[in-house]
Each structure stands twice: as structure tokens, then as C-alpha cells.
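Chain A is fixed; fit chains B, C and D onto it per the hints.
4 protein chains.
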Amino acid sequence: MIEEISVRYLDSFTGNKPADPILIEGLPGIGQVGKLVAEYMIHMLGAKKIGEIHSIYFPPQVILEECGLARLVRNELYIYRASGKDLIFLVGDHQSTSNEGHYLLADQYCMIAEELKVQRIYTLGGFGVGHLVNDPRVLGAVNRAELRGELEAAGVVFNREEPGGGIIGAAGLILGLSAKRGIDAVCLMGETSGYLVDPMSAANVLAILSKLIDVPVDPTKLNDRASEMEKVIEGLVEVNKVQKDEELSYIG
Amino acid sequence: MIEEISVRYLDSFTGNKPADPILIEGLPGIGQVGKLVAEYMIHMLGAKKIGEIHSIYFPPQVILEECGLARLVRNELYIYRASGKDLIFLVGDHQSTSNEGHYLLADQYCMIAEELKVQRIYTLGGFGVGHLVNDPRVLGAVNRAELRGELEAAGVVFNREEPGGGIIGAAGLILGLSAKRGIDAVCLMGETSGYLVDPMSAANVLAILSKLIDVPVDPTKLNDRASEMEKVIEGLVEVNKVQKDEELSYIG
Amino acid sequence: MIEEISVRYLDSFTGNKPADPILIEGLPGIGQVGKLVAEYMIHMLGAKKIGEIHSIYFPPQVILEECGLARLVRNELYIYRASGKDLIFLVGDHQSTSNEGHYLLADQYCMIAEELKVQRIYTLGGFGVGHLVNDPRVLGAVNRAELRGELEAAGVVFNREEPGGGIIGAAGLILGLSAKRGIDAVCLMGETSGYLVDPMSAANVLAILSKLIDVPVDPTKLNDRASEMEKVIEGLVEVNKVQKDEELSYIG
Amino acid sequence: MIEEISVRYLDSFTGNKPADPILIEGLPGIGQVGKLVAEYMIHMLGAKKIGEIHSIYFPPQVILEECGLARLVRNELYIYRASGKDLIFLVGDHQSTSNEGHYLLADQYCMIAEELKVQRIYTLGGFGVGHLVNDPRVLGAVNRAELRGELEAAGVVFNREEPGGGIIGAAGLILGLSAKRGIDAVCLMGETSGYLVDPMSAANVLAILSKLIDVPVDPTKLNDRASEMEKVIEGLVEVNKVQKDEELSYIG
Numbered sequence: 000m001i002e003e004i005s006v007r008y009l010d011s012f013t014g015n016k017p018a019d020p021i022l023i024e025g026l027p028g029i030g031q032v033g034k035l036v037a038e039y040m041i042h043m044l045g046a047k048k049i050g051e052i053h054s055i056y057f058p059p060q061v062i063l064e065e066c067g068l069a070r071l072v073r074n075e076l077y078i079y080r081a082s083g084k085d086l087i088f089l090v091g092d093h094q095s096t097s098n099e100g101h102y103l104l105a106d107q108y109c110m111i112a113e114e115l116k117v118q119r120i121y122t123l124g125g126f127g128v129g130h131l132v133n134d135p136r137v138l139g140a141v142n143r144a145e146l147r148g149e150l151e152a153a154g155v156v157f158n159r160e161e162p163g164g165g166i167i168g169a170a171g172l173i174l175g176l177s178a179k180r181g182i183d184a185v186c187l188m189g190e191t192s193g194y195l196v197d198p199m200s201a202a203n204v205l206a207i208l209s210k211l212i213d214v215p216v217d218p219t220k221l222n223d224r225a226s227e228m229e230k231v232i233e234g235l236v237e238v239n240k241v242q243k244d245e246e247l248s249y250i251g
Numbered sequence: 000m001i002e003e004i005s006v007r008y009l010d011s012f013t014g015n016k017p018a019d020p021i022l023i024e025g026l027p028g029i030g031q032v033g034k035l036v037a038e039y040m041i042h043m044l045g046a047k048k049i050g051e052i053h054s055i056y057f058p059p060q061v062i063l064e065e066c067g068l069a070r071l072v073r074n075e076l077y078i079y080r081a082s083g084k085d086l087i088f089l090v091g092d093h094q095s096t097s098n099e100g101h102y103l104l105a106d107q108y109c110m111i112a113e114e115l116k117v118q119r120i121y122t123l124g125g126f127g128v129g130h131l132v133n134d135p136r137v138l139g140a141v142n143r144a145e146l147r148g149e150l151e152a153a154g155v156v157f158n159r160e161e162p163g164g165g166i167i168g169a170a171g172l173i174l175g176l177s178a179k180r181g182i183d184a185v186c187l188m189g190e191t192s193g194y195l196v197d198p199m200s201a202a203n204v205l206a207i208l209s210k211l212i213d214v215p216v217d218p219t220k221l222n223d224r225a226s227e228m229e230k231v232i233e234g235l236v237e238v239n240k241v242q243k244d245e246e247l248s249y250i251g
Numbered sequence: 000m001i002e003e004i005s006v007r008y009l010d011s012f013t014g015n016k017p018a019d020p021i022l023i024e025g026l027p028g029i030g031q032v033g034k035l036v037a038e039y040m041i042h043m044l045g046a047k048k049i050g051e052i053h054s055i056y057f058p059p060q061v062i063l064e065e066c067g068l069a070r071l072v073r074n075e076l077y078i079y080r081a082s083g084k085d086l087i088f089l090v091g092d093h094q095s096t097s098n099e100g101h102y103l104l105a106d107q108y109c110m111i112a113e114e115l116k117v118q119r120i121y122t123l124g125g126f127g128v129g130h131l132v133n134d135p136r137v138l139g140a141v142n143r144a145e146l147r148g149e150l151e152a153a154g155v156v157f158n159r160e161e162p163g164g165g166i167i168g169a170a171g172l173i174l175g176l177s178a179k180r181g182i183d184a185v186c187l188m189g190e191t192s193g194y195l196v197d198p199m200s201a202a203n204v205l206a207i208l209s210k211l212i213d214v215p216v217d218p219t220k221l222n223d224r225a226s227e228m229e230k231v232i233e234g235l236v237e238v239n240k241v242q243k244d245e246e247l248s249y250i251g
Numbered sequence: 000m001i002e003e004i005s006v007r008y009l010d011s012f013t014g015n016k017p018a019d020p021i022l023i024e025g026l027p028g029i030g031q032v033g034k035l036v037a038e039y040m041i042h043m044l045g046a047k048k049i050g051e052i053h054s055i056y057f058p059p060q061v062i063l064e065e066c067g068l069a070r071l072v073r074n075e076l077y078i079y080r081a082s083g084k085d086l087i088f089l090v091g092d093h094q095s096t097s098n099e100g101h102y103l104l105a106d107q108y109c110m111i112a113e114e115l116k117v118q119r120i121y122t123l124g125g126f127g128v129g130h131l132v133n134d135p136r137v138l139g140a141v142n143r144a145e146l147r148g149e150l151e152a153a154g155v156v157f158n159r160e161e162p163g164g165g166i167i168g169a170a171g172l173i174l175g176l177s178a179k180r181g182i183d184a185v186c187l188m189g190e191t192s193g194y195l196v197d198p199m200s201a202a203n204v205l206a207i208l209s210k211l212i213d214v215p216v217d218p219t220k221l222n223d224r225a226s227e228m229e230k231v232i233e234g235l236v237e238v239n240k241v242q243k244d245e246e247l248s249y250i251g
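Residue numbers (numbering that gives the first Met the number 0), protein chains in the order written: chain A, 0 to 251; chain B, 0 to 251; chain C, 0 to 251; chain D, 0 to 251.
Bound conformation, chain A alone (with noise of 0.2 Å):
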């Protein structure tokens, strides 16, 4: 029978323990913020692929990599092993279909934060505002009151009615389940319409995030994407603006 949800960890990293690991979450999510900055710490710093986690939650279907080889939707974990600190990051397809699932996933997710003594958990997401951003900030949520203090020195903004709808899907329960089992976990939003991919979004979060867990990762290369994704965004206002044009002077 297959299992609601299993995680398998590769044999190379096996008895290999983290040291003092910190988890970093960026599963796809509003404006795709969180997976941007994960995938690409994972590409920047070299991350090893360490597990696999597949569940009955996931949508029914498979995902064709580039040569017509199927495989399920999945979860994945990384391993960078800086120095005394290591990072474990999970990215993935999808986050679950179903209510329950969520939950049952986050918890899974904090199962192994917890088997391997993460010290820290930060989740990364997109904060959708609705309207385009100029210079998104960087919202913050906390499982620990004490948390906050070191998040704002480093440019985190903490506002009392941001999000107000409070955080959905993993980023948020995590930060919920893992409060239960003693880690501290963190919340990182950027701020996004929620209407386009965000490289923007995803470098300011990037630039936060490098901060606190003190890892430099050159932003160059998701800066160019910013930048392109600025120039498309600039294409499709001006097009926009000469239409409401067209249409005042059709009226008029």
C-alpha cells in the first residue's frame, strides 16, 4: 500500500549528519517567491539533493523532465554544507490539493526539521498586494516573540495588519507546527501584485535572508531576471496606457 506521505533521503547522505542545520522552505507559492530564492540558493551555493518526499496530497500526475522521462510530483531536499552551519532547503512542485493535506504535509516537513536538529526554520513566501510594487519590502512573521528583534535589524518590516489574512499553505503552518516541537521558525514575505513571477520580490527577500543566516550569495544573476521582468512589466503598462488612450479618444 502506498503511504499518505514518505520520505526517502538518499544513501550518500545517510549517517551523514547536518551540523546545526538551518531549514530553508521555498515551495511554489503567490508570485512564486519563495521557490525563486530557494532554487536559486540551491544553484548559486551547489546544493546536494539529499531526499524525496511524494504524497497521495500532491496533485495526480507526473511532471515530464526534459527527455520524456516522467516522474511523480515531488518535494525535494538540499543539503550546503557551509561552514558549522549547514542549509537544508525544500523546494518541490506543488504544496498539497487538500485542506487536511496541508496540514499533514507541514507536519511531516517539521518531523524532519525536527529528526535533524534544525536549529532554525525560515519559510519564504509572496505577500500579494494586488497592485504592482515598486520597491517591495520584506514582511516578517515569527513562532517566537523573541525572533523579532534580530529579523528588523536586518530590514525585516513587521506590520500589525500585514498579512491580515494571516499566511496559508506551508510557509504559515509551519511556522504554527514547528512552535509545538520547540524550533523556532521565521517567515519571510516578499511583497508582489501576486500576478506575475517575482525575480524583484525574490531578490529583496534573497538580500534579507543572506543577511540573517550570514551566507553571501552573489544576487547577480536573479537581478538580471529583475531587471528583464521590469522591462516585460514596463512593455505591458505602456500598452495598457495607450489602449485607456484609445479608448478616451474612441469616447471622446
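None of these hints come from the bench; they were simulated from the model. Hints are supplied without guarantee of correctness; some may be wrong.
In this list, chains with the same sequence are indistinguishable; a pair is considered to hold if it fits within one copy or across any two.
List of simulated lysine-lysine pairs, DSSO-like, C-alpha gap at most 30 Å [said to hold, decoys possible]:
1. Lys116 / Lys220
2. Lys47 / Lys220
3. Lys179 / Lys116
4. Lys48 / Lys179
5. Lys179 / Lys16
6. Lys47 / Lys230
7. Lys16 / Lys240
Below, chains B, C and D alone, put in the same frame as chain A:
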């Protein structure tokens, strides 16, 4: 593994059994009537928190408190130790997101009532009528026919056709499921439009509940809030009237 | 912990086994045809209640009875002790709200039939055709080919293409699942528009069922209700015709 | 209690193990392509039924067969005993109605394959492109990279970007889940509009599958059906063109 539903009592409460308690349920619902009444009573009586309920049937998110502190969606239990007859309150952020979860949670609430040797349960809710109501009535339902007389004497209206669709969610299910455990339960429903948070309706429910349980609660602040809401609604009605007039003059 | 499905027999019934019983299912469905027939028979024959079924797969609400008494949504079992051949009725407020629940409940009904040594099951339903029907036929389905002849002799229509979409819900699933337990089962479906409660269709189903089980049931009151409904529909058709004429004269 | 998924083999099959079998899955899906191919092969090869699968994850209904005989929604297994290499077919009425059910059923299919010592699985499906296709290609996916060459040699197209959204349902999940059990699996997808049952696409899939498994299947009847369908579509296109012309002349 995460429990589907977990109940945790605070240490300060354990071993400190309530005396002949009454359970008052005021979870979110139509017009937030039940929630308003129960939370107002907790505030005015200075009831103390004694426990928390978490569940995978709640929405998969965390709530942000003022200081950016994230916590799981939850229901809470409070106690007010009246002389000889304690009040226990069940309040919270949300009800279940699934049909099955509604049953499982409501049964858990009844199990709590049984454990705490609750003598009677009051569930509070709104009864949505789809239009503004000037002097909202308080409708009742019971899980044992003999309970009806006492309620009618206190001003509760029993109307054969209302609510015709039954009572949906915790306020209703608790009545049905507590009967199986031999616990008397009563539902008080404040008539409400169903469109807006309704402190007027809540004030009427409070007045009757306060009489029924013989625990005086100063209604001033709730009445003030009702008055404010009344002005807001008058404003809305006025705007609406003006618009209609304008439409008519436009047509004319 | 609440059971997913619970069956409780009244004390008066326990140990008082039915003789060679027939089970008649008339749960809510298209045109309420099955429900009308089964509840009419219970009423006219003076059948006695013998049990209740509750389930977390029913809608999460309570029903209010006349005196403001709340009770859980439920299905009920009734018995009519005919000479030598008892009739058991399965009626109720609702069917399952989930697909899986439909299977689990229908299987539970078949388990009840097996326990009570039911010889044959009749499931009753409506067959929605989407337009008004003057003389509604009674269509049939069986779970063993040999049952067909007897039904055709009683006036049941078997039509290769009807209902093309199969039979959804309890009336259908009971046929499929009882076959696995070696119990003969037959579905009688009254043709109906599907838009309105349809006592005309129900009267035709009753006439055939009564003949098949050889238990006379005075149809007068059901026929009366059908006549009333016919007048209501004639009224609606008339109004509709007038409106169409007006539209035509407006266009013309 | 009903099992969530049950597999029952016919007595005639038990103890009569297939020789080095290949499993061919053709459940309902886009354009019914897979279903058409598998059921056509069963018909033309005279494959014999060996088993049935029932599940609470299928739609809650019965299907009516010609004589009014109701049967549960099911999937079926057939065998064609070719010389030295048996073919097993998995066909049926429906796939799962829930996401979790898709995983549980697909895993069950893989368990069956493992028990029967299946050497390779072919899953068949349609690849919806949203417009009419003149000469539909057959796209492929594999669960082990080394399988690709053999398929390309037989005319299967592997295209890095197709299908971009992955493969949803049984045809996809079987690939992913059989890999975990060490069984090679291949998906053949016939390009199709996705709007209509598509025997043209099915004929192309059949031609390639027949070549790959080296079992000749006379395609005449499927080609005939494809020709008929082509005429139907030409008719629809013609009607559409006339309508557009009329609209234009109306505007003009």
C-alpha cells in the same frame, strides 16, 4: 504524526475542576452573532483561558497576532468561576472546512463537555433572514422538549417554520450530538440580515442568555457598538435611496 | 469518538426478528419520487419505526422538528409486519454529501439487509427527463437478469437506453453492492421532469410496487396530491403561455 | 465493511499465471484515445476477462447494461495469451473522482502488475491540443530514460515541451509509481483536439503500439470509424464556415 483534533488544557487548569459548569459556544457564523456574544462575555467577565483546540479540519493557515507572531488557527476554552456555577466558553477563529470535520469537531466539543461534567450547553448563532431587521428576535432550539418552557419564559421565540433549513455547523451539531451523551443543550439564534457583523442582534442574545444563566453582564459597550453599527447602516440605506432616486430621475 | 456511520435499533425491535422481509428504500432524490412512495406507504400501512442511522457523511446540521426540538440529520428504518412477509422501509432526510460516503452508506444499508435476512430489496427513485411528462412510466433495473420478467409483467418498462447515465446514489449503489452479498435487488424509477416534487410519478411507482409485493395500499391521498400538483402545473404552464404570447405581441 | 479498493480475479484465471506479461492500460481520458485503443485490441484479439476492480473512489453510481442489469462502476482486467508473451489489458468505466483516490488506484494497478510479474507497462492516453489535428502524432513518456530510443525508432515523438503540464491521472501516475517497484513503463499519447472521441488519434496509437509489442492487430475497423468521424468533423467545419460567412454578410 499530527492528531486530527487535539485538545490541550493549560497547566493552571488541570486538576482544578469546574463546579457544575455551563458551556457557552460562540464560534464564527452568520452575522458573527455567537462570536460577538461569547467574546464580549469573556471580556466583561474577565474569564480566564484554560485550553486550546487545534485540528487539521480548520483552514490550513496561521493567524498573525499584533507583534507578527504567527499561531495556528484554533478554538479556545475560557472559564469564568461564578459562585457555585462556572461558565466555560468555547470560541475561536474558524469552524471546520469539511463536512466530516464538522461532525468530528462537534463531537469533540461534546466530549469536552462530558469530561468537564457540563450541566447544560448554550450554543449561540445568527439566524439570517436576508433583509435588515429592526428589532431582532432571539429564536431558540433545544435538544430535549422539556427545555422549551424555560426559554420561552425568558423571551426566546420558538417558531415552527424557523429556521426551516435547520441549524448548520457547530451550533446545530452540538445540540444533536450532546443529546446522545445525555447533556441538555439549547441554541439561541439572533435574527440578523446575515450581510454584516451584527452587534444589535448580539445584544439581544446577550440579554436573554444573561437572564437564563443568571449571570449579569453589563451590556453598555455592546449596545454602544450596536448604536454605531445602526448609524453605519442608516448611512448605507441613505446612499442607496439617493442612488435609486437618481436612477429614477435619469429614467424619467 | 463518533462513528463514521452508526446504526441503532430501538429496544422494542431487538430480538423480534422480521419474517422473510423485503426492504424498500425511498431516500431523497430526483423529484423526491422514492421518498414520497416510501413515506406514503409508512403512513398508510402504519409501519413502526425500528431504528436510526447517523453518519458524518450526512450534511453537518440538525433538523428542527415542530416544537423547536433539534435532531441530527438521519435515515430511519420502519417495519410493517404483513402476514408472513414483513416490509422494512429505509427513509430519511438526506443522502451522503461525499462520493466515498455514498459507497460506505450504501454498503451499510446492504449489511443491514443481510443481518435482517432480507429476501429482496426495492430501491425507489425518479428518472429525470427534463420536461413535463403526461403519463409517467415506471422504468426498472435489476441486479440479476432473471428478475426482469416478473417486473415487466407488472408493467415496469426496461429500456436499453434509459437511464443512459446509470443510476446515481443509494438507489443505484444498493443494487450493485447487494449483488455481492447475494441479495436480489430491483430499482423502480418513476419518470419525472426532475424540476418539482412529483406525486404523479410517485403514484405510478406505488401502484406497481404494491402489485409486486402483493401488499395493497390505498392510493387515494397520493392521487389527490397528484391532482393538486397537476393543477399547480397547469397554472404554471398557462402563465408561461400568456407570457410567451405577450412577448410575441411585443415583438410583433 | 466495504474495501476502499477491491480486486477480484475470476476463478478461471487463478492459478493460471500469465507468461512474461505486458500490461496495457486504456482507461477513460482525453478524447477517449486510450480507451478506444485498449478496447479495440481486446475485441479484435478476443482477449478474455480475468478480473474486476471496484472502489469507493469511483463515481457513486451503477451502470445499466442492455437488459436493465445494473452493475457497479468498475475497471476490468483482460488477458490475451500470445505465444510466449501475454497481454493484460486494464480498461474500465471511470477513473477516480478524488485526487487521493487517483494515487491509491494507480498504486493498486502497479501492485497488480507486480503480482502478475509484468515485464513492461504501456499506458495509453490522449494529448489535448485544443484544435483539430490533421495527422495526429503519438507522443511518448517513459519512466526510465533508456526506454526512449526504442520508442523513437517506432515513430513515437519525444518533445521537451509536450505535454508541458505533465500527464494527469492513471496514465501518468502508473509511470511514476511503477518505477518505485522496478517495472518499466511507457506512456503513448495520441495528439487530439480534446473535444471529441478521437478514433483517428487512436488508430495512430494502435499502429505504433502494435509494432512495439510485435502483436499484429487488424486496424481496418478502427480506421473505418476514423473515416466516419472525419466526415462528421468536415460537416461541422462546413456548417461553421457557412455560419461565419453569414455573420460576415450580415455585418457587411
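A quick look at each hint next to the structure:
Taking the shortest Cα distances, Lys116 and Lys220 never come within 30 Å of each other, neither inside one copy (32 Å) nor across copies (50 Å). Taking the shortest alpha-carbon separations for Lys47 and Lys220, only the intra-copy value of 20 Å comes in at or below 30 Å, while the best inter-copy value is 54 Å. In this assembly of identical chains, Lys179 and Lys116 lie within 30 Å of each other by CA distance both inside one copy and across copies; the values are 15 Å within and 29 Å between. For the identical chains of this complex, Lys48 and Lys179 are neighbours both inside a copy (28 Å) and across copies (18 Å), given an alpha-carbon limit of 30 Å.
For the homomeric pair Lys179 and Lys16, the shortest alpha-carbon distances inside one copy (23 Å) and between copies (26 Å) are both at most 30 Å. In this assembly of identical chains, Lys47 and Lys230 lie within 30 Å of each other by CA distance neither inside one copy nor across copies; the values are 33 Å within and 56 Å between. In this assembly of identical chains, Lys16 and Lys240 lie within 30 Å of each other by CA distance neither inside one copy nor across copies; the values are 56 Å within and 68 Å between.
In this structure, the earlier hints numbered 1, 6, 7 are contradicted, and the remaining ones agree with it.
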